[in-house]
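Using the sequences and the hints, build the whole thing.
Chains as they are written, first to last, in our numbering: chain A, 52 to 211; chain B, 52 to 211; chain C, 52 to 211.
Calculated from the structure, these hints are not laboratory results.
Careful, some of the hints might be misleading.
Since the list gives no way to pick one copy over another, a pair counts as held whenever it fits inside one copy or between any two copies.
[Claimed, not checked] Taking lysine-lysine pairs in the DSSO-like style, the calculated list, with each CA pair at most 27 Å apart, reads:
1. LYS61 - LYS143
2. LYS199 - LYS181
3. LYS147 - LYS106
4. LYS142 - LYS60
Just so it is clear, the structure is predicted and the values come from calculations on it, not from any experiment.
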Amino acid sequence: MHENNGVIKKMMIILSKGTLENVYAAFVLANGARMEGIDAEIFFTFFGLEAVHKKKLEHLHVATVGNPAMHLPTMLGGLPGMEALATSMMKKEMEKIDMPEIPEFLDILSASGVKLWACKLAMDMFHYKKEDLYEGVDDVITVGDFYKESAGEGVHMLFV
Amino acid sequence: MHENNGVIKKMMIILSKGTLENVYAAFVLANGARMEGIDAEIFFTFFGLEAVHKKKLEHLHVATVGNPAMHLPTMLGGLPGMEALATSMMKKEMEKIDMPEIPEFLDILSASGVKLWACKLAMDMFHYKKEDLYEGVDDVITVGDFYKESAGEGVHMLFV
Amino acid sequence: MHENNGVIKKMMIILSKGTLENVYAAFVLANGARMEGIDAEIFFTFFGLEAVHKKKLEHLHVATVGNPAMHLPTMLGGLPGMEALATSMMKKEMEKIDMPEIPEFLDILSASGVKLWACKLAMDMFHYKKEDLYEGVDDVITVGDFYKESAGEGVHMLFV
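Written out as structure tokens, the structure is:
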């Protein structure tokens, strides 16, 4: 019996990047889904793994070079300190609009039932161990497992 | 009654980046959808907002550093002027293949019925006001609103 | 008759970037799909085309600048040689975990039935010809063709 009719039931978000703006995008999309009663799961892979790596998750940066939209001259964007400045500016703006910082945001996502998966292949590539990760991470899984988790009516995937 | 059978009815495109190549990718995907009779909506968020910011949409750049595929030595890519050069080259190639420039492309998308949404959170973060935006923008909406717009059979989401 | 019930039948992956980490992400997702009995197709567009360009596919690089997650000081990331170093490091790690290099990976994808499509618009923009491309590429198609290929129950799209 088909009774879904296009209701969104679950967002499966693949986070492959470790830049602050992409991590926030993934977290905001997952959190926004939960606020609409939609399930959400995040699969941390490649550099996205840094967002759940205990020693790195507080040190994520905004990309200043390679991101012309920052409106910094490229040479300036490349100077030591500019990335830190852009990062601190973004964090300040985020705070003003009541956006939690990454560690707190992870707690919120975890508490609201967002499943957090670490990609096995990326773990192997970076030599990370499960104990290096934020304790709210549900498990280390393969891409195949991710596809199994993604089966079902009303599931949408996003690659961030 | 389920009668969709996998027909694509609507593309929901989240544009989070302000680099020329990503903005074009989103616009081409939306425009291509319309040409196939598929609805399309673009949700401009984070740096993607620049593509509908009146004062910025004519000054989007190609990313030269952080984009090894440009085949510029990185140091060269970082030199003042190189980003402008790559941008001007891309614009020329785009013109040759009859791709409209960003302002004209926005008009085409708007005229063909593509809905253009600005993300409220990003508006707040960058202190943008509705009147700063291209007048074809339909509204400023939340992530929750975006999910509501995305409900329905045959809807696909893309994160650019 | 609706009998899909959310089974994933096909992954349609749009690869728009030419950085090694993004190409690998797309290939791993396509390959992982095939291993689960899921069809997979990759649409190479914009800089993603480089991953199937005969003369370029062996020279893809990791983005070191514009990628703060690399944990290289930005100035250092911009130095000649650093991108090559990061690339060679990533390749070594990939080899350790038995990940094939790009040319071999393309052969594996092709042999396992992953359809490889080159985007016509990007071909025109870069002045590439069909004979410049890896011979396993199935065809050069338009965005409209891509949407036609994407119709059907259980199809998911990803934009990498």
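Consistency of the hints with the structure:
Taking the shortest Cα distances, LYS61 and LYS143 never come within 27 Å of each other, neither inside one copy (31 Å) nor across copies (36 Å). In this assembly of identical chains, the alpha carbons of LYS199 and LYS181 lie at most 27 Å apart only when taken from the same copy (21 Å versus 36 Å across copies). Both within a single protomer and between protomers do LYS147 and LYS106 lie at most 27 Å apart by alpha-carbon distance, with minima of 25 Å and 24 Å respectively. Taking the closest pair of Cα atoms, LYS142 and LYS60 never come within 27 Å of each other, the shortest separation being 31 Å inside a single copy and 38 Å across copies.
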